[in-house]
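*Asks:* So the chains spell out like this:
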Amino acid sequence: MAYRVTINGETRDIDAPEDMPLLWVLRNELGMTGTKFGCGIGMCGACTVHVDGVATRSCALPVGSIGERQISTIEHLSQSPVGAALQQVWLDEDVMQCGYCQAGQLMNATALLTSNPNPSQEEIENSMRGNICRCACYKRINSAIAKVAAEGPSNA
Amino acid sequence: MRNSETLAGGPQLGRRSFLKASAVAGGGLALSMSIPIASRAMAQGGPAELNAFITIHPDNTITIIGKNPEIGQGIKTMLPMLIAEELDADWDSISILQGDTDAAKYGLQLAGGSFATPMNWMPMRQTGAAARAMLIQAAALRWGVDPASLRTEPNLVVDPASGRSATYGELASEAATVAVPDPATLTLKDAADFRIIGRPIGGIDSPKIVRGEPIFGVDTQLPGMIYAAYERSRVFGAKLVSANLDAAKAAPGVIDAFVVEGNGNAEELVDGVAILASNWWLANKAREKLEINWDNGEWADHSTARYAETARELMAAGEPQEVFATKGDVDGALASAAQVLEAEYHYPFLAHVPMEPMNCTALLREDGIMEMWAPSQTPQGGLQAVAGYLGVAPDKVIVHITRMGGGFGRRLTNDYMVQVAAIAKQVPGTPVQLIWSREDDVRTDFYRPAGWHKLRAGLDEAGELVSWDDHFITFDIGGGAFNPAVMSAEEFPAKYVSNLRYAQTKMRTAVPMGALRAPTSNAMAFVMQSFLDEVAHAAGKDLPTLLLQIVEGEQAEPTTMGFAGPQVGFDPGRLRAVTHKVLEMAKWGQPVADGHALGFGYYYSHQGYFAEVVEVSLSDRNQVEVHNVWTAGDVGSQIINPYGAMNQAEGAIIDGLGQALSLAVEIEGGATKQSNFHNYQLPRMPMVPQIHVEFVLSDNPPTGLGEPALPPVIPALTNALFALTGKRVRSLPIDTSLFA
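If you read the protein sequences in the order shown, they are chains A and B. Using the UniProt record's numbering, the first residue of the first sequence is number 1, and each one after it goes up by one. Using the UniProt record's numbering, the first residue of the second sequence is number 1, and each one after it goes up by one.
Do not rely on the hints blindly, as some may be mistaken.
Simulated crosslink set (DSBU-like; lysine-lysine; CA at most 35 angstroms straight-line) [claimed, not checked]:
id, chain 1, residue 1, chain 2, residue 2
1, B, K208, A, K147
2, A, K147, B, K587
3, B, K425, B, K105
4, B, K495, B, K425
5, B, K327, B, K105
6, B, K239, B, K495
7, B, K495, B, K105
8, B, K581, A, K147
9, B, K396, B, K208
If you're looking for bench data, these hints aren't it; they were derived computationally from the structure. Quantities reported herein were computed from a predicted structural model and do not represent experimental measurements.
Let's have the full structure, built from the sequences with the hints guiding it.
*Replies:* Written out as structure tokens, the structure is:
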């Protein structure tokens with residue numbers, strides 16, 4: 001099946017079965033490997049992208065269901081002020097160890113702070129609980145999000 | 001003895017190592033440090049490669065090779081820090097390249113055992129110091145002065161007498177032509193003069209990671225690359241009898257499917273069917289269409305329930321196969337003891353589940369070379385295994401080391417490398433990327449071995465520990481380079497008890513096992529520190545008091561030759577120091593919040609001493625809530641990168657808590673029951689406690705941090721639960737119905 005999907009502001013023509021998850025369209029059809037495969041069942045969050053700004057598990061999103069909705073991925077994250085601020089604090093605070101889950105963590109954190117610029121500690125924890133970090137950098141992920149929330153994206 | 005300068009400093013470069021292009025540091029370990037003689041091209045203004053690790057460019061930028069595989073432990077940043085320090089380099093001028101697999105050039109390339117720090121602390125610094133000496137020598141020749149009169153600032157040689165200076169970039173070509181110094185003549189910096197070591201430095205690849213740039217093994221892309229999925233039996237030890245591939249071959253996107261015959265070594269290649277497709281999801285989906293007949297042999301009725309039942313029978317029978325450590329008269333001392341404690345402990349199989357699923361990319365080139373892009377903790381071992389499987393010389397296999405999305409010991413075993421080589425061999429000229437699903441990863445891991453212990457301890461009238469006995473029920477897992485299903489004859493407190501017996505009985509199994517972060521220690525710490533806590537309570541004291549009494553007046557063991565070279569012997573003084581430190585940090589002995597309790601655990605592993613205190617409470621539904629973890633660790637004289645060190649310690653602590661609270665792999669019908677993160681539930685952000693880490697610096701060479709913070713947090717947690725509830729956790733993961 002042929003699909004026309006808007007990814008990071010660009011129109012992409014895709015020829016794939018309708019049930020192929022967006023994750024595998026991105027990685028193997030389009031060569032966009034920033035979005036990561038972790039579990040394939042929506043349990044780890046490594047494959048998180050934004051669909052019309054909403055954090056969504058791309059491993060469980062069939063390409064045939066996307067329609068007119070806008071897809072945004074980690075490769076495009078720096079275009080968002082919140083995303084760019086989080087990327088910088090991620091580096092300043094040396095958040096990561098292996099880094100494999102971090103694209104998903106950043107995408108989810110960006111969606112959180114975009115919709116809720118001043119989350120409580122509990123809101124951060126609950127919003128991020130869908131993202132596994134096997135290296136367990138949770139303390140640092142949490143404090144990096146809190147820092148951007150406290151300082152605002154432009155000051156980070 | 002351990003204060004001998006050479007031994008205390010850890011392994012060093014041999015005297016003539018640079019010129020002879022290789023050296024053997026001790027313990028059978030080849031630590032080759034070549035310095036290629038600079039070519040004419042370099043002398044004429046090109047970049048100068050001063051040795052295998054350092055290239056100084058005319059524009060005064062520096063490239064340093066990161067030789068070891070990066071799994072998130074921070075080694076690609078840390079080893080170059082050691083070189084850069086002694087080179088007196090400007091860190092901001094440095095880029096780091098990942099070295100390919102090359103034992104002759106780089107020596108051992110391994111991510112495991114927390115070995116990289118002790119093995120490289122001196123050699124990497126000496127490598128940097130040699131390059132610095134060559135730059136100084138070049139400047140001295142240029143200016144006609146004594147090299148001893150010159151000094152360096154970052155990337156700059158300075159002549160204090162005249163005030164002139166030259167950048168490393170300006171001097172590089174000339175430096176490449178001067179004689180390479182003997183490492184023994186090099187003076188290394190005093191710690192007080194460090195500019196890079198001890199400074200928190202962020203991961204060198206982190207900027208690429210936050211931008212989503214390709215950097216992990218599974219991000220490898222080659223022109224014309226196709227994808228492979230591999231179907232193997234879920235029953236361990238099964239053999240493929242026959243397969244009908246027609247339906248799979250006809251599935252959308254599938255290019256080919258074929259049977260792959262195993263080589264009889266589960267650590268390399270098991271029977272299976274490879275499916276190749278234009279997209280991995282299509283290859284993986286086509287597995288549903290396979291019709292395969294497996295011969296399960298004798299293994300299909302194996303289960304963890306059966307192992308547990310057998311283990312209980314063996315413990316009750318009390319006739320071990322083998323006594324592997326004995327001292328005094330353990331039975332006599334138990335018979336005459338004032339108090340005898342007896343308990344059975346158990347821990348389960350565990351999976352590694354690094355976030356990046358197993359994968360590897362391979363291309364059989366026209367020139368017959370198998371070129372591979374491998375996320376492997378042991379790429380040299382993987383190269384050998386692939387060459388052996390293919391029946392070719394090792395120089396017919398090239399292995400590029402990719403960054404890994406975690407390792408935890410899973411990638412010490414290179415089965416996925418041999419698997420993709422076996423597949424790529426069938427499609428010469430076409431690059432193939434093999435990816436495992438998460439289900440493949442959970443179901444076909446090399447698991448942390450389960451184990452059972454029947455322990456007995458005897459106390460005399462004064463409450464002193466006089467007898468210590470353990471019957472360990474484990475598995476016979478055959479060969480392999482490292483056997484994780486063992487227990488050390490020196491397992492604490494063996495050396496300090498006058499009547500001792502360590503015995504074991506092994507059960508047969510086909511379940512594959514391997515090293516999980518802090519192998520053996522991640523299990524033994526729970527068993528031994530919990531049972532010692534039982535002893536302490538029976539003697540009317542707390543565990544730290546008991547430990548300090550056990551080692552009271554004991555002296556440090558001598559330095560010995562270990563895998564990583566000279567290894568400073570166990571030092572009870574360091575145990576004492578971390579114990580006192582953590583008790584002070586946690587305000588041990590002072591009142592805690594209502595409904596909360598503290599527990600203590602200590603463990604020595606991978607040359608690191610860690611004492612930890614956990615503060616715990618139970619929710620209304622008897623769920624365990626961890627509030628605080630205090631950790632005091634001694635890994636020597638220097639924390640090289642405080643960022644990496646804190647990250648490793650915090651991660652290891654949460655990893656250990658996760659194991660204790662919820663993780664187990666169960667075997668049913670000869671296969672793994674768990675399959676993905678819904679039934680193998682890793683820690684998530686809301687469970688993370690406050691973690692307080694302090695390092696106790698001691699006058700010892702720095703050692704690794706990937707592992708030793710993990711083991712003691714498990715008994716610290718279960719001992720805290722005992723303090724809170726009076727219920728003793730003797731089996732992992734913690735069954736909260738115990739507290740109902």
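*Asks:* Each hint should be assessed against the structure and marked as holding or not.
*Replies:* Against the structure, the hints come out as follows:
1. Our distance criterion of 35 angstroms between C-alpha atoms is met by K208 of chain B and K147 of chain A, whose separation comes to about 21 angstroms.
2. For the given pair, K147 of chain A sits about 30 angstroms from K587 of chain B by alpha-carbon distance, which is consistent with the 35 angstroms threshold.
3. Simply put, K425 of chain B and K105 of chain B have alpha-carbon atoms about 28 angstroms apart, close enough for the 35 angstroms limit, and the pair holds.
4. Taken as a hint, the K495 of chain B and K425 of chain B pair is broken in the structure, with Cα atoms around 53 angstroms apart against an allowance of 35 angstroms.
5. As the CA atoms of K327 of chain B and K105 of chain B are separated by approximately 46 angstroms, the hinted pair breaks the 35 angstroms bound.
6. Between the alpha carbons of K239 of chain B and K495 of chain B the distance comes to roughly 46 angstroms, so the proposed pair goes past 35 angstroms and is violated.
7. Under the criterion of a C-alpha separation no larger than 35 angstroms, the hint pairing K495 of chain B with K105 of chain B is inconsistent with the structure, at around 41 angstroms.
8. Proximity of K581 of chain B to K147 of chain A is assessed by CA-CA distance (about 31 angstroms); at most 35 angstroms being required, the pair is judged to hold.
9. With a C-alpha separation of about 32 angstroms, the suggested pairing of K396 of chain B with K208 of chain B holds against the 35 angstroms cut-off.
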